[in-house]
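With chain V fixed as given, assemble chain C onto it according to the hints.
There are 2 protein chains.
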Amino acid sequence: MAVELPKAAIERIFRQGIGERRLSQEAKDVIYEFVPKMARYAADSSKAILDASGKKTLMEEHLKALTQVLMVDGAEEYDGELFGRATVRRILKEAGVERASADAVDLYNKLICRITEELGERAAEYADEDDRKTVQREDVERAITCIMPRADEFL
Amino acid sequence: MAVELPKAAIERIFRQGIGERRLSQEAKDVIYEFVPKMARYAADSSKAILDASGKKTLMEEHLKALTQVLMVDGAEEYDGELFGRATVRRILKEAGVERASADAVDLYNKLICRITEELGERAAEYADEDDRKTVQREDVERAITCIMPRADEFL
Chain V
0 MAVELPKAAI ERIFRQGIGE RRLSQEAKDV IYEFVPKMAR YAADSSKAIL DASGKKTLME
60 EHLKALTQVL MVDGAEEYDG ELFGRATVRR ILKEAGVERA SADAVDLYNK LICRITEELG
120 ERAAEYADED DRKTVQREDV ERAITCIMPR ADEFL
Chain C
0 MAVELPKAAI ERIFRQGIGE RRLSQEAKDV IYEFVPKMAR YAADSSKAIL DASGKKTLME
60 EHLKALTQVL MVDGAEEYDG ELFGRATVRR ILKEAGVERA SADAVDLYNK LICRITEELG
120 ERAAEYADED DRKTVQREDV ERAITCIMPR ADEFL
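Those sequence lines, one after another, are chains V and C. When the first sequence is numbered by numbering that gives the first Met the number 0, its final residue is 154 and no position is left out of the sequence of numbers. When the second sequence is numbered by numbering that gives the first Met the number 0, its final residue is 154 and no position is left out of the sequence of numbers.
A couple of the hints might just be wrong.
Stated by the list, open to error - Distance condition first, Cα-Cα at most 20 Å in a straight line; then the derived EDC-like pairs of lysine to aspartate or glutamate:
#1 C/LYS55 with V/GLU59
#2 V/LYS63 with C/ASP43
#3 C/LYS6 with C/GLU97
#4 V/LYS46 with C/ASP72
Note that these hints are calculated values from the structure, not bench results. Note that the structure is a prediction, hence the values are computed from the model and not measured.
The following block holds chain V by itself, in its conformation from the complex (with noise of 0.2 Å):
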């Protein structure tokens, strides 16, 4: 099932990472594209992570466990711009996780929008080695093939 997160969202989350910078075009759809099935497959790892508990509710402990797995720094501590509640919680549901915690909930945001972020940090890196003003579409590929695993499944 596709996920539904808005473009605009996205790209304000992303831009939280680069700063004054340029984005490209081309660049933006490749964000737009990876952050709807990021917050998919985080959706999916967390019900898996739940299974494993033999628990019902999806509780904040299960996204911490998460966190660790996927070694993001600052997901708990993340204050920037978060999606809307209702649709993260439709994500989470498509997912298969009919009950969650409001912390929970609220830490599966943090969550998917740090990685957002901290995607920009990284292509904002990349930019920068390479002596560019502009993130390109290669700068961001570069930063989620080094965050997620199976980078194949995101590109």
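Only chain C this time, still in chain V's reference frame:
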């Protein structure tokens, strides 16, 4: 803490993935360093999923969840060479897993062996694409980057 895994076994398991192709010394060196790190990462991740479940004993379902999160294909059906059971129990213990069922230890073992074998399969594909009969360091690094999250932690 450093994880000890016998280089000869690492190499044999990796070679299951590359068939008759040759393997450069530099490529071997990357694998000898990567596999123990990856094994430790998989043990830490198993511990995180165990903790999220609120249980004390690592069970097969915790490893199934990790397999799903890492999108590893064929871990449960893996029937190649395995590492010694006492060795992998020790790695899990070093990661804080005090108790583990025999099934969990076996699936953990299969998981890390399958990732090693798959690394060989991918590296071999990259060598083939490049019309080389020898798997080189760059092929292995590219395979690690594609398979693992946070590739820079493993290279």
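### 20 Å limit on alpha-carbon distance, applied to hinted pair C/LYS55 and V/GLU59
holds (19 Å)
### Query
Between V/LYS63 and C/ASP43, does the CA-CA distance stay at or below 20 Å?
holds (13 Å)
#### Entry: Holds or violated: C/LYS6 to C/GLU97, with C-alpha atoms at most 20 Å apart
Cα-Cα ~26 Å, so violated.
### Task
Sort out whether C/ASP72 lies within 20 Å of V/LYS46, counting only the CA atoms.
Holds, because 18 Å separates the two Cα atoms, which is no more than 20 Å.
Checked against the numbered hints above, the structure violates only hint 3.
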